[in-house]
Structures are given as structure tokens and as C-alpha cells.
Amino acid sequence: MREHEHSKEFVRVHSPILTKPFYFFLALSLVGVYFIILRFVRGIGAVSNLSDGYPWGIWIAYDVATGTAIACGGYAVAILVYIRNRWQYHPLIRSAILTSLFGYCLAGFSVMVDIGRPWNAYGFFMPSRWQPNSAMFEVALCIMGYCVVQIIEFFPSLLCVLEHSKLKWLQKAIYHFHPRHTPQDEALVRTTVEWVHSATAWFHPKFNTILIFIVALGLVLPTMHQSSLGSLMLIAPTKLHPLWHTGFLPLLFLINCMYMGYAIVILESLVSSYLLKREYEVEELSGLAHIIPWLAAVWLAVRLGDLIQRDQVALVFKGDKYSLFFLLEFLLLAGGSLLLFESKRWRSPRWLFATAVMMLLGGALYRFNVYLIGFIPGTGWRYFPSFAELMISVGIVSIEILGYQVLIKFLPVLPNPHMHRDIAHVKPPKAAEAVARA
Amino acid sequence: MRTTSRRQFLKLLGATGAGLLAGRPCAARGAGTVNNDELGMLYDATRCVGCKACMAACKRVNRDSGGLAYERAPFDQDKLWDAPADLSGNTRTLIKLYKGPQNRWSYIKYSCMHCQEPSCVSVCPVSAMTKDKATGIVDYDKNKCIGCRYCQIACPFSIPRFQWERKAPQIVKCDLCRNTNLRGKGLPACAEVCPTGAITFGRRGDLLRDARGRIEANGGRYVNYVYGEHEVGGTNHLYLAGVPFPRLGLPRLPAEAPAEFSERIQHTIYKGFIAPVALYGMLCIIALRNRKKRESKGIQEEEE
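Residue numbers (full-length UniProt numbering), protein chains in the order written: chain A, 1 to 438; chain B, 1 to 304.
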């Protein structure tokens, strides 16, 4: 446990790994894995309700289009810390990057489940096959690049561990591969461990100097591919409902991923504080909550201005399925951001939770509307995901949560509550009141 | 040290960007320029008798090269029939019968429209969909295709189909028999076998002239419109019919190619790859300046 004295800002969570939620999410993951295997053995048609009219279902609409937006927490917090120089948010960054990393890797993985000929995916690395006119080409390259960037951004937590732990696993590995060395014969082991320690100590500061260029790359890539996720649908003016098809799709998707990114950081922090019985990081979260309504206001202004300029406002009040989904999306986002314009709500974990959920649901619904609900391939086509299709998505999300649960117990990811006691001492006031009353 | 690494980064990015942009500007050939020398087909619905010889010939000729299978009907115990209900992962062309009011019936043939500015070519991320420069044929290469099905999303006619039930699925659509009948006999199988001359094969300009001539000569017989002449920037597969085209399942479409709209936006954002490189440079400068500010304040640099 001594290793954490050195990296004071972040701590490992000390609690057992094999908990009830662990088994719950493990079970869901295994069900998902079963259907993924089935999909590769028997084909996409055998497990999904996808058709030639609806070639993209929830695997794309949820896992890729929405999942990567939910995984924009790392992007949103990095903008705040490195570009707007708000270092007080630094404690949030590791958990944000970790969830982003999981979100993006699993989005990439679900793409490999979704595409029909994954063995040809190496074509993305062959310049002769590049097709820069395709928004998907850009999305694919940027997402792959961003996964690598995020892994590099996550190095510091690994380096901390390498630098300060006794490396028991390394010792064991040495004994395993060199059976001649008995546990008594420790000279070699000790020098190896020392070598690793000094190598990381040499590498870590050097790494920190160049990290800023990686971080900047980690801001450019999401800016590019999140806007391109909107561009993907530009090509279908005759199939995407006019409430959603507009030349502003790239801009709308970009702003959308930012407020969703801040909202997911708030939600994640509240939930993990609640579940791990840590103090709420109210100070940091209220700062994030302060940004969301402004982003959402810009977004709503672009959205409405575009509808007025294209003269499609009448469709909003038509009362059909599309106008209902538009209104739902609009009310969630406008409601959430209006609530957040009042500063007293920034410090209440309950209001933070409620508004973060509203922003996330509204933002996710917008992406669903663009990719599925507002997509009209023609008469006669119908789509609702099959059970197996749903379970593959659920399984992929479960793997994500499972990985997060396990990794925060192995690596120093979450902010150190003792470090921030001076600013983050605020107990959840309403919860405390409730306890007092009871 | 820092500045060099930044410069190197920028150089690298710039080089990649230039490489990206040097790539073929694909669909955007400038609005309204139509190449009438490209190959195409004219389908005259008023001449078609619905014998489906074209469907049979298409499958016979392209079955092996296109990975097409016969589709059995549920009643067909003896495997005697090929009975596709729609275009599918096994069927590139299909004849349907439209039964309108006042006995205005009409057959209609569906297959790839071979657009002048095809959306599928514009969106395919790995160049599996290509448009031949000389012939204008929109072809598909299964050895490049990753099966992402973006072409299906993009196609305004919903022509490309996917083999959902297979483990190694491919996209299926008409290629004007480019690798089979066209190579051997100089015309697609459907045009070769059509007994009534409902399918004419040739250069787009000739077909268009032919179509207009038929409308002029037989005014009452036709709707005064050649479908495909202007739709989504023009298609090489043209249609004549006696029934309004939307009723025959040929959608009303704007004259602008969707690819032109989407590529215009994409190219505006990524022109010369300047914007991303500038953004990266700007972010680096801001982040570096912020770090210096923090260092000068005497706050110890922490990791990340």
C-alpha cells in the first residue's frame, strides 16, 4: 500500500474484486459473448433483425454512434484541464480517460462484430484502398488513432505502479522462467527490479514532457471523428427525415458529444462515489455542471435556427412519430440545460444526477434519431432489434463496466479523497439530512 | 527539443494530410457535368411482357462470379424454381408487376442504376465500390469489401443487397455483366435475352435520344419523362413507362447528387487538411503556454 504515498492525487480502491455486481456483469458479458460467437458461426442474419432496408441497427446506433459520445468524458475533461487551464479538474481525468478508453475500444470491437467481412479490415492500412471522400474512412482511422492515443494517455497510472511497487509478479515470472534461481538466490531478481524502477524513473519525466503533444492529438482526433459521425448521414438526404437531415450534422454531433462528455463525467463520479461510499466531488462537478447549459444552449440555437432556415418547423408539430421523438429529444435537452442554468443546483448531488441523466438521455436520443428512428429507407421495411442483437450490445456494455470495476482496484485511477479534503469536503447535503431525519 | 518535436508532429500531420488530399476527388466532378459516353441500359416498361427471361439469364450467367444462389419458394419441395420476392443477396435484377387502377398495369425491372455520381462509391471507406472511368460501370470488389453496409445506407434507390444469412457475406448488385456476359458477348445477359426489346443496351447519349424519339413517336403510350435523365445527377440506367414512376417504386429524387452535397461539406471542413493541422498546432501552443504558466507559478508539474 506504500506505493500510493507517492502518487497522492490518485488512489487505488481497496476493496474485494469478486463482488455481487462483478458476477452480475460477468454473467451478462458471458451471454453477450455467447451470441457474438453465434453471430460468427451462423452469420449476422441468424442473430439480428437487420435487413437490406435497415442495414445499421443498434450495434451502430448504440455501440458506435452513441457509445463513443458517452465515452467523450476524457475528451471533455482534457479540454478543460489542458486547454482552459483549469487544473482543479485534474483529479477527474484518469477515470474519465479510462472510461473513454473502454468505450472506444469496445465501439471498435462491436464494429468488428457488425461488419460482414472483418478479415478485409486491413484495407484501412493500405493507402491504395483509401477513400478520403468517405466519412466512414475518416471515422475509422480517427477512432483507431484515438484508441492508441488514449492508451498512451493512460500510461502515467501504469508508470506509477511500475515505479513504486515491489513487482511481485515480475519476481514470480523470473522464478518461473529460470527455475535454477531458487527464492534464496535473489541477486538477479533484485537487480532486475531495481533496473525496472530506475528505467521507469528515467522514462517518466521524459514521458511527461512529450505527453502534452499526445494530449493535443487526443483532442484533435475526437473533434474530427465526432463531427464525422454526423457527416456519415449527410449522404442520405432522401432517407433521413428532414427534422434531422441538415448540413449542420457535423457541428451538431460535435457539440452534442461535448455536453454528453461532461454529463457522463458527473454521472460516473456520483455513481462511483455512492457505490464505493466515498465523498462526492461536488466542487469539481459543480464546475462541470456550469459548462453544460452553455454548450446545450449553443446546440439548441443551431438546431432551431437550422429548422427555421430550412422552413421545416411545421414538421415539429405534426404529431406523428417523428415529431414526438423530436419533442422528446428537445424537451430532455432544453429541460436539463434550463435546470442547470440555476447555480444552486450545481452543488446538489441529486440535481446533478437528475440533470446529467437528462442531458445524456436527450443527447443519446438525438443520435438514435439520426441513425435509426429518423431513418426511413422506404415502405415495407421495419426494424426492431432482436433479443440476441440486444444481448450483444448489453454484453459489450457489461464488459466495459466489468473492466472499469476491476481496473480501479488494480491501478490508481480515482481521485484521492484525502488529498482534496480541503475543497471536496461537502457531504451530500440532502442525503445527510435524510439520514438525520431517520 | 520541444519545438522540434512539435514541428515534426506538424510536418508528419501535414504530410499525411497532403497524401490524403492527393487521393482521387471522387464523385465531385463539378455539378451538372454528365458523361453521355458511359454505358447504360434503357428499360421500356411498355414493351416488357414480364417473361422474366432477364432474371433467369442474370442468375445463370452471374451465379458463380457473383455468389448468387437460387431462392426457393416455401411450396417448392422439388427445388425446381427460382422464386425471389425482391432484390436480395442472391438476386441482382427483378421484374415486378404493378396493378394500377383502370387496368393500368405495368411491369417494372429493378437493378443498379449505375449513377453518374454514385453515392455508394463516394461512401465506401476501402474503395470496394468503384466507378469505371471509361464505361461508367459501378462495380463491386468483394476482396476489398469490409461489409460495413454504408453503401446500403447511402443508395437512394436501395439497390445494394447484403447476404445476411451467410458466414462470408458480400454485397450484391448489378455490374452490367462486366466480368461475364459483357466481356464475352459485348452486352449484358438481360439485354441479350429480352425477346421484346424492352431492354436496350448502349451509350447513355444514344439511349437518351432513342427514349425521347419513342416518346415523340408514341405520345399517348408514355409518361412524358425519361426516368434517370436528371435523378441524383443522372443515372446510366434509364426508364420509360406508361405509369407515373413513383407508383412503380422508382422514388421521386432531386437532381443534385447526394454525394455532391456530402463531399462539399466534407471537403470544406478538410480542405488541404489545413483545419485539423491548424487545430492541432493551436491546441499544442495553448497547452504548452498553460504548462509554462503553471510552472512559473511554482506549482510542481504532476504527471499527465
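Keep in mind that the hints are not guaranteed to be accurate.
Which bits of chain A does chain B cover? Going by a derived footprint, with three or more residues having C-beta under 8 Å, they are [said to hold, decoys possible]: (1) 144 to 150; (2) 212 to 222; (3) 236 to 246; (4) 409 to 416.
Calculated from the structure, these hints are not laboratory results.
Glycine residues also receive a C-beta, built at the ideal position from the N, C-alpha and C atoms.
Each hint tested on the structure:
Figure legend: the region 144 to 150 of chain A, annotated as covered by chain B; annotation inconsistent (0 residues with Cβ-Cβ distances under 8 Å, at least 3 required). Counting residues of the region 212 to 222 of chain A whose CB lies closer than 8 Å to any CB of chain B gives 7, which reaches the minimum of 3, so the coverage claim holds. Only when three residues or more bring their CB closer than 8 Å to a CB of chain B does the claim for the region 236 to 246 of chain A stand; here the count is 4, and the claim holds. Proximity of the region 409 to 416 of chain A to chain B, defined as three or more residues with a beta carbon under 8 Å from a beta carbon of that chain, is not established by the 0 residues found.
In terms of the numbered hints stated before, the structure departs from hints 1, 4, listed from lowest to highest.
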